[in-house]
Amino acid sequence: MASVIGVFGLLVFLRQSKGNDQPIVVGKNALSIPQSTSIPTPNSNSSMMTQPIQMPTMGIYKNGTFAGNVQDAFYGSVQVQITVSNGKITDVTFLQSPNDNRTSIFVNSQAMPLLKQEAITAQSAQVDIVSGASATSQAFQASLADALSKAK
Amino acid sequence: MKKQKSIMGMPVKIEVIDADVTDEDIQEVFAYFHYIDKKFSTFREDSEISKINIGELRILQSSSEMQKILALCEKTKQETNGYFDINIEGNLDPSGIVKGYAIYEGAEILRKKGFANFYVEIAGDIQVFGKNSKGKKWQVGIQNPFNLKEIVKVIKVSNAGIATSGNYQRGRHIQNPKVNQWADEIGSITVIGPNIYEADRFATAAFAMGEKGIKFIEKLKGFEGYMVKKNRQAVYTSGLEIYF
Numbered sequence: 648m649a650s651v652i653g654v655f656g657l658l659v660f661l662r663q664s665k666g667n668d669q670p671i672v673v674g675k676n677a678l679s680i681p682q683s684t685s686i687p688t689p690n691s692n693s694s695m696m697t698q699p700i701q702m703p704t705m706g707i708y709k710n711g712t713f714a715g716n717v718q719d720a721f722y723g724s725v726q727v728q729i730t731v732s733n734g735k736i737t738d739v740t741f742l743q744s745p746n747d748n749r750t751s752i753f754v755n756s757q758a759m760p761l762l763k764q765e766a767i768t769a770q771s772a773q774v775d776i777v778s779g780a781s782a783t784s785q786a787f788q789a790s791l792a793d794a795l796s797k798a799k
Numbered sequence: 108m109k110k111q112k113s114i115m116g117m118p119v120k121i122e123v124i125d126a127d128v129t130d131e132d133i134q135e136v137f138a139y140f141h142y143i144d145k146k147f148s149t150f151r152e153d154s155e156i157s158k159i160n161i162g163e164l165r166i167l168q169s170s171s172e173m174q175k176i177l178a179l180c181e182k183t184k185q186e187t188n189g190y191f192d193i194n195i196e197g198n199l200d201p202s203g204i205v206k207g208y209a210i211y212e213g214a215e216i217l218r219k220k221g222f223a224n225f226y227v228e229i230a231g232d233i234q235v236f237g238k239n240s241k242g243k244k245w246q247v248g249i250q251n252p253f254n255l256k257e258i259v260k261v262i263k264v265s266n267a268g269i270a271t272s273g274n275y276q277r278g279r280h281i282q283n284p285k286v287n288q289w290a291d292e293i294g295s296i297t298v299i300g301p302n303i304y305e306a307d308r309f310a311t312a313a314f315a316m317g318e319k320g321i322k323f324i325e326k327l328k329g330f331e332g333y334m335v336k337k338n339r340q341a342v343y344t345s346g347l348e349i350y351f
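Top to bottom, those sequences are chains A and B.
Numbered per my numbering, the first sequence finishes at 799, counting up by one with no gaps.
Numbered per my numbering, the second sequence finishes at 351, counting up by one with no gaps.
Chain A with its partners taken away, still in its complex shape:
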């Protein structure tokens, strides 16, 4: 039945199937959905944890690999390929995307994340470079001042 799914239909489907506020993680070239429908949560009292993606069970999709139609995504063509196992979508690959960069970002399909926590403390300033968002605050002001001067 649903042997061919266009990218938009698929994304709508994923959104509907996952509740309303789960980030869908689509790889740069591929999306790998966790295959287990019930992943035990190692630390259930952590606010970081969310429910695993619930995919429909048996019989909804035929097993196999299916390519969707090429869709005009306005900025370029998009075409996805899905893999179905046991009636569940187990993989989504972009056959075409607006910029076909070779860097692959696969979703880590291991169990739930094991985030770590620490209290922040001041460290030695003996570093080569500092990563932060503060410098752009000055930039914002400088740029704004520049824009205002041009607006005069």
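It should be emphasised that the hints constitute simulated quantities derived from the structure, not laboratory data.
All figures in this text were calculated on a predicted structure; none of them were measured in a lab.
From the three backbone atoms N, C-alpha and C, an ideal C-beta is built for every residue, glycine too.
Fair warning: there could be bad hints in the mix.
Claimed, not checked - Using C-beta positions, here's what the derived DEER-type ranges look like:
#1 139(B) to 763(A): 34 to 42 Å
#2 764(A) to 198(B): 17 to 25 Å
#3 145(B) to 709(A): 48 to 56 Å
#4 137(B) to 709(A): 34 to 42 Å
#5 709(A) to 240(B): 53 to 61 Å
#6 345(B) to 733(A): 25 to 33 Å
#7 765(A) to 137(B): 36 to 44 Å
#8 709(A) to 243(B): 52 to 60 Å
#9 318(B) to 773(A): 28 to 36 Å
#10 112(B) to 709(A): 33 to 41 Å
Claimed, not checked - PhoX-like mimics (lysine-lysine), calculated; alpha carbons at most 25 Å apart, straight line:
#11 175(B) to 763(A)
#12 146(B) to 175(B)
#13 336(B) to 763(A)
#14 244(B) to 110(B)
#15 110(B) to 763(A)
Claimed, not checked - Derived list of chain B stretches under chain A, where covered just means 3 residues or more per stretch with a C-beta under 8 Å from a C-beta of chain A:
#16 228-239
#17 319-331
#18 335-341
Given chain A, work out where chain B should sit, using these hints.
Then chain B, alone, in the frame of chain A:
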């Protein structure tokens, strides 16, 4: 050789360790950033993006580079379930992609010249290659979003991109597009990825997600993150320790 310049209203720093570097090599990268600024700055009335925003230029008639950037924005929006969104109050603001893209391309200019040990930084977002002047991995400090003179973490990286997104950036310029409100659940999130383009776009999206952002980064293979929460606690991804 280390050079600093203010471009796009932002401090730009480049340090190349390789002995044969010349001033012209670094100036070429600065010139590229000027070119990008002229094209993509939403603060410039005469930029291509401003012409699109005021309806003077249609996207399909814009330059191929503009269309490429907008395509990358659209792709990032899809990949982050809409948390990355350049459509702000009816205007397109692709700066969440442009900075990382520019740093990446700027670093590529140096790489194509054969340099192997350098960094390119624009306003706290960094691409590093090779080793520092001591022959060791580059030591990158993560700034305390609540005390800008303080570093709260040091990571050691070689070939990677490091980007930090926070509310103090551009005066709270990151919105959570889901609820159309300013994202302000956390102080900052720093993302380390395979390159600055990837690190920057996912840092922006992860920040918009609030506390869930670090979990999003945890799920991305090849990415690590360090989130500083408002209660002065840091939450970081399970693989970050490889950079300690």
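Taking the hints in turn, this is what the structure says about them:
Between residue 139(B) and residue 763(A) the CB atoms are about 38 Å apart, so this pair conforms to the stated range of 34 to 42 Å. Distance hint check for residue 764(A) and residue 198(B): the Cβ-Cβ separation is about 38 Å, which falls outside the suggested range of 17 to 25 Å. Range check, residue 145(B) to residue 709(A): about 53 Å between beta-carbon atoms, so the 48 to 56 Å window is met. Range check, residue 137(B) to residue 709(A): about 56 Å between beta-carbon atoms, so the 34 to 42 Å window is missed.
A hinted range of 53 to 61 Å holds for the C-beta pair residue 709(A) and residue 240(B), which are about 60 Å apart. The supplied range of 25 to 33 Å is met by residue 345(B) and residue 733(A), whose beta-carbon atoms lie about 29 Å from each other. Checked against the given bound of 36 to 44 Å, the beta carbons of residue 765(A) and residue 137(B), roughly 38 Å apart, stay inside it. Under the hint 52 to 60 Å, the C-beta atoms of residue 709(A) and residue 243(B), about 55 Å apart, fit the expected range.
The hinted range of 28 to 36 Å is satisfied by residue 318(B) and residue 773(A), whose Cβ atoms lie roughly 31 Å apart. At roughly 59 Å, the beta-carbon separation of residue 112(B) and residue 709(A) lies outside the given 33 to 41 Å, and the hint is violated. The hinted pair formed by residue 175(B) and residue 763(A) fails the criterion: a straight-line CA distance of about 37 Å is larger than 25 Å. Annotation: proposed proximity of residue 146(B) to residue 175(B) holds, straight-line Cα distance about 13 Å (limit 25 Å).
As the CA atoms of residue 336(B) and residue 763(A) are separated by approximately 13 Å, the hinted pair is consistent with the 25 Å bound. Among the hinted pairs, residue 244(B) with residue 110(B) is consistent with the structure: their alpha-carbon atoms are about 20 Å apart, no more than 25 Å. Distance check on the hinted pair: residue 110(B) and residue 763(A) sit about 37 Å apart at the alpha-carbon level, beyond 25 Å; violated. Given as covered by chain A, the stretch 228-239 of chain B passes the check, having 7 residues with a CB less than 8 Å from a CB of that chain where 3 are the minimum.
For a cut-off of 8 Å, the count of residues in the stretch 319-331 of chain B with a CB near a CB of chain A stands at 10, and the three-residue condition holds. Requiring three or more residues with a Cβ within less than 8 Å of a Cβ of chain A, the coverage given for the stretch 335-341 of chain B holds, as 4 such residues are present.
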